[in-house]
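Colleague: Sequence:
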Amino acid sequence: MKPMSTPTVLDREEYIEQAYLFRTVRERVADNQPAQEVFQRVADELLSTTRLPYAVQFVASELKHTGLLANGFAKLPHYFTAFQAFVVQQAEDEKSRLPMPTAFLILEREAAYRANQPTRPGLFVYQFETIARNRLGYIDGLEAMARDPFYDADWRGYFDQLRRLVGEKDFSDLVYTHSELFVSEERRRNPAFEPRRRAIFGEKEGKIAKASRTRDPLYLFAALQRQLGYPEVPRYRVRDDATTKMEILQTKLRDLEMRLKLVEGELRGSVDLSQFGKPDLLREKDD
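End of the sequence shown = 268 in the working numbering, gap-free, step of one.
Hints may contain errors.
[Stated by the list, open to error] Result set (DSS-like, lysine-lysine): computed pairs, CA atoms no more than 30 Å apart in a straight line: (1) Lys45 x Lys242; (2) Lys56 x Lys45; (3) Lys233 x Lys185; (4) Lys76 x Lys188; (5) Lys56 x Lys76; (6) Lys185 x Lys45; (7) Lys76 x Lys242; (8) Lys56 x Lys185; (9) Lys150 x Lys188; (10) Lys56 x Lys242; (11) Lys191 x Lys76; (12) Lys45 x Lys76; (13) Lys150 x Lys191.
These are computed hints drawn from the structure, not numbers from a lab.
Generate coordinates for the entire structure from the input sequences, incorporating the hints supplied.
Modeller: Below you can see the structure in the form of structure tokens.
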């Protein structure tokens, strides 16, 4: 099988399996199962007619080798999107406020949405709210979104504009002025009006955005979810109790133990690097 070197939109069955993967990992890690073992075992449960089992095997190898999940996601740009890798990377960043269980829930809901007649506006709103609600950083987040093959050239141009204007201009205006409603209203006033860029939001999105002007963007996100069925971004609620603190400490101890075993193996010269070889997903056709 010849791997793709550029990002591409996957088949529906791939996203269905991805949603199952992210849900399974989230639930089993919550039961204090080591993430490395979960990824190694879950590959056998995935539909073998998809490419996800090979991708999971590679991610498991990267996790065992580096202790980081994001590395595996980032090294498979033709399968996992840059936004998926970005979310996992943020969850692994000690300075981030995004917990790993919430990150996997974000990815699970996104994959489920992609598997059921997604729209570009719907996916954009979900991803943008994820960045805004969890304070993941607009510049890097929008750059990751722009590399998603689901968006076309008009949307990539919109992301460039957002990087310049986000925080300076009301977000509702940034939606409304790029909607079909805005174009139709301008043409009623001036029949010769031609927008500089093609409208990328529909009339319904424009109507909701116009009604949400000067309000908190979270109200706009919620209205789009209610009215148009856009996916809801998970909300992380901090639990400040002894059980939660103990779970965090146990997770950190498991990570430290895994890293120490890797270092000890390298010092003894007993690390078998062949186990990190390329899976079928990465091999050239003539290998």
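Colleague: If a hint holds in the structure, say so; if it doesn't, say that too.
Modeller: Now for the hints, and whether the structure bears them out:
{"no.": "1", "hint": "Lys45 x Lys242", "in the structure": "holds (10 Å)"}
{"no.": "2", "hint": "Lys56 x Lys45", "in the structure": "holds (15 Å)"}
{"no.": "3", "hint": "Lys233 x Lys185", "in the structure": "violated (46 Å)"}
{"no.": "4", "hint": "Lys76 x Lys188", "in the structure": "violated (38 Å)"}
{"no.": "5", "hint": "Lys56 x Lys76", "in the structure": "holds (23 Å)"}
{"no.": "6", "hint": "Lys185 x Lys45", "in the structure": "violated (47 Å)"}
{"no.": "7", "hint": "Lys76 x Lys242", "in the structure": "holds (25 Å)"}
{"no.": "8", "hint": "Lys56 x Lys185", "in the structure": "violated (38 Å)"}
{"no.": "9", "hint": "Lys150 x Lys188", "in the structure": "holds (18 Å)"}
{"no.": "10", "hint": "Lys56 x Lys242", "in the structure": "holds (24 Å)"}
{"no.": "11", "hint": "Lys191 x Lys76", "in the structure": "violated (36 Å)"}
{"no.": "12", "hint": "Lys45 x Lys76", "in the structure": "holds (23 Å)"}
{"no.": "13", "hint": "Lys150 x Lys191", "in the structure": "holds (14 Å)"}
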